[in-house]
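Protein sequences, first through last, are from chains A and B.
The opening position of the first sequence corresponds to residue 1 in my numbering, with each subsequent residue numbered one higher.
The opening position of the second sequence corresponds to residue 1001 in my numbering, with each subsequent residue numbered one higher.
Don't take each hint at face value.
If you want a taste of the chain A side facing chain B, the calculated C-beta under 8 Å gives, among others [to be verified]:
hint, residue
1, Arg152
2, His247
3, Gly251
4, Asn253
Here are the simulated lysine to aspartate or glutamate pairs, DMTMM-like style, with alpha carbons at most 20 Å apart [unchecked claim]:
hint, chain 1, residue 1, chain 2, residue 2
5, A, Lys60, A, Glu243
6, B, Lys1115, B, Glu1095
7, A, Lys244, B, Glu1146
8, B, Lys1258, B, Asp1240
9, B, Lys1232, B, Glu1043
10, A, Lys244, B, Glu1122
What follows is a list of derived Cβ distance ranges for each label pair [to be verified]:
hint, chain 1, residue 1, chain 2, residue 2, range
11, A, Leu5, B, Gly1187, 50 to 60 Å
12, B, Thr1254, A, Phe83, 44 to 54 Å
13, A, Gly96, B, Thr1254, 57 to 67 Å
By construction, these hints were calculated from the structure, which means they are not laboratory data.
Cβ coordinates follow ideal geometry from the N, Cα and C atoms, glycine included.
Letter by letter, the chains look like this.
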Amino acid sequence: MKRYLTIFCFFALLITAWQWAYAQKFWSPVLVPSPESVGRYLWEAALDGSLAEATLVTLKRLLAGYFIGICVGLPVGLLTARFRFLQDTLGLLALGLQGLPSVCWVPLALLWFGQTEAAMLFVVVMGTVWSVVLATETGVRNVNPLYVRAARTMGSRWLHIWLYVIMPASLPFIVSGMKQGWAFAWRSLMAAEIFVTILTGFGLGHLLHYGRELHAMEQVIGIMFVLVLLGLLADKLLFSPWEKWLHHRWGTNKA
Amino acid sequence: MTIQEETTALAPAKLAIDRVSKSFTTGRGTLQALEQVSLKVAEGEFVCLLGPSGCGKSTLLNLVAGLEMPDTGSVTADGRAVRHPGRERMMMFQESALFPWLDTIGNVMFALKLKPGLKRAERHEAARYYLKLVGLEKFMHSNIHELSGGMKQRVALARALAPNPRVLLMDEPFAALDAMTREQLYGDLQRIWEQRHVTILFVTHNVREAVSLGDRVVLFSPHPGRICEEFKINLPRPRDINSVDVAGYATRITKALKGMLQAEGATP
Ligand SMILES: Nc1ncnc2c1ncn2[C@@H]1O[C@H](COP(=O)(O)OP(=O)(O)O)[C@@H](O)[C@H]1O
Ligand SMILES: [Mg+2]
Chain A
1 MKRYLTIFCF FALLITAWQW AYAQKFWSPV LVPSPESVGR YLWEAALDGS
51 LAEATLVTLK RLLAGYFIGI CVGLPVGLLT ARFRFLQDTL GLLALGLQGL
101 PSVCWVPLAL LWFGQTEAAM LFVVVMGTVW SVVLATETGV RNVNPLYVRA
151 ARTMGSRWLH IWLYVIMPAS LPFIVSGMKQ GWAFAWRSLM AAEIFVTILT
201 GFGLGHLLHY GRELHAMEQV IGIMFVLVLL GLLADKLLFS PWEKWLHHRW
251 GTNKA
Chain B
1001 MTIQEETTAL APAKLAIDRV SKSFTTGRGT LQALEQVSLK VAEGEFVCLL
1051 GPSGCGKSTL LNLVAGLEMP DTGSVTADGR AVRHPGRERM MMFQESALFP
1101 WLDTIGNVMF ALKLKPGLKR AERHEAARYY LKLVGLEKFM HSNIHELSGG
1151 MKQRVALARA LAPNPRVLLM DEPFAALDAM TREQLYGDLQ RIWEQRHVTI
1201 LFVTHNVREA VSLGDRVVLF SPHPGRICEE FKINLPRPRD INSVDVAGYA
1251 TRITKALKGM LQAEGATP
């Protein structure tokens, strides 16, 4: 309870400070709108459904691409960990491409796919997949070989070992790789949405872009606020439960 | 069949290791880990393999487990050649090798899951039975990291016993524990072995440990790994590691060990 109070007080203070700065007129109201006008924009956008729709469009792209990225990244990571040849080829490629800021995929995606959903999906997948590949590979390589030996004496074989020993043993690595993949995918999708208009759906990035075009600062800040909220929500819903469970089971840091 | 009935339904296995050699090739060359090692173990016998580290004791255990194959020679259990690992020969390691992603009972059930024809409830019951046997029923749902070193090895013992193996291979299972915990576990292991009468191959580099546990102590010498001497331990059980009788045997074996190491030092 005390923690929630702390959180509430902190943000209340932040908004008060903002309101104060606005009232002092340090900057033009076009550059620093009042908290109230941002709130009003959000309220109106929520009422006319444009906000919900944009959020839905963005999340759909993100989740679909993320899901594909994991479905591809996990098995590829397992394979690169298992076969030296694949490690030296695909693994090295993954290492290189993971170092590439994922925004850099946007121009290529546009040339290949045009201004379509496919381009958006591609960017998200590229953001996700390399992190997942590398994390899975590292995770598998770090599995204590003793676990595998113990499992073998208990009658565990091939597929059973991979599914019930190697995968769970590398879970801490895999989860942190998935988290990184999520962050990369999220960033690159925003960049793509801000850069390009795609007629099949206006995402949050587009709203941000139009906010700039219209000099509607309250829209820009409002959307940024929504983006921050979504990021926090994803962390709390998608990753926190896993991480808590891992810490609890493995006895790693008591957070 | 109840669990108790099942544990006595199968006779312990006898093992025959016949002129086994095993070498490892690494970047630095070839190393002869075992050379022409032969050993027979009777049904239900408790044999301790003793020797300084690096003389191939773990390698021999791995061969019997079926985790590795000999270069030459053969390993048979009840007359059948060992080709792969199997539930009838379970292994315990110096580190517990328990799976941190499972709780205590989950670890014990892991081996049972692979045993065909068991329902979930039966597996659960069997796992509980073995946790009780090692005195850890209360810690059924504990996480592995919450257990002490001694408790971990008890869980590992329960896990190894759960599929009802006929041979137990133990690779310095108590080496990392403190003396008090170790002595408790000697007692437990002897009690369980007497009830269950499995065949046990127990690797150690602790002379007193070997004497107080084994029917027989087999002394290994290094470079290349060979069996150099055997001692039959004719002492009643349960044995106390601090007793005079154990000390007497230990002195003899230590002397043999020293002699062996000196001979080794003279001819490098
Ligand atoms: N997988 C392996 N690869 C290379 N060398 C090994 C391997 N396993 C064991 N050895 C070598 O074989 C020798 C015997 O090892 P080991 O059986 O572990 O001895 P012990 O258990 O008696 O200490 C050691 O010199 C060790 O370095
Ligand atoms: Mg060893």
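### Query
Against the structure shown, which of the earlier numbered hints fail to hold, in ascending order?
Failing hints, ascending: 2, 4, 5, 6, 8 and 10.
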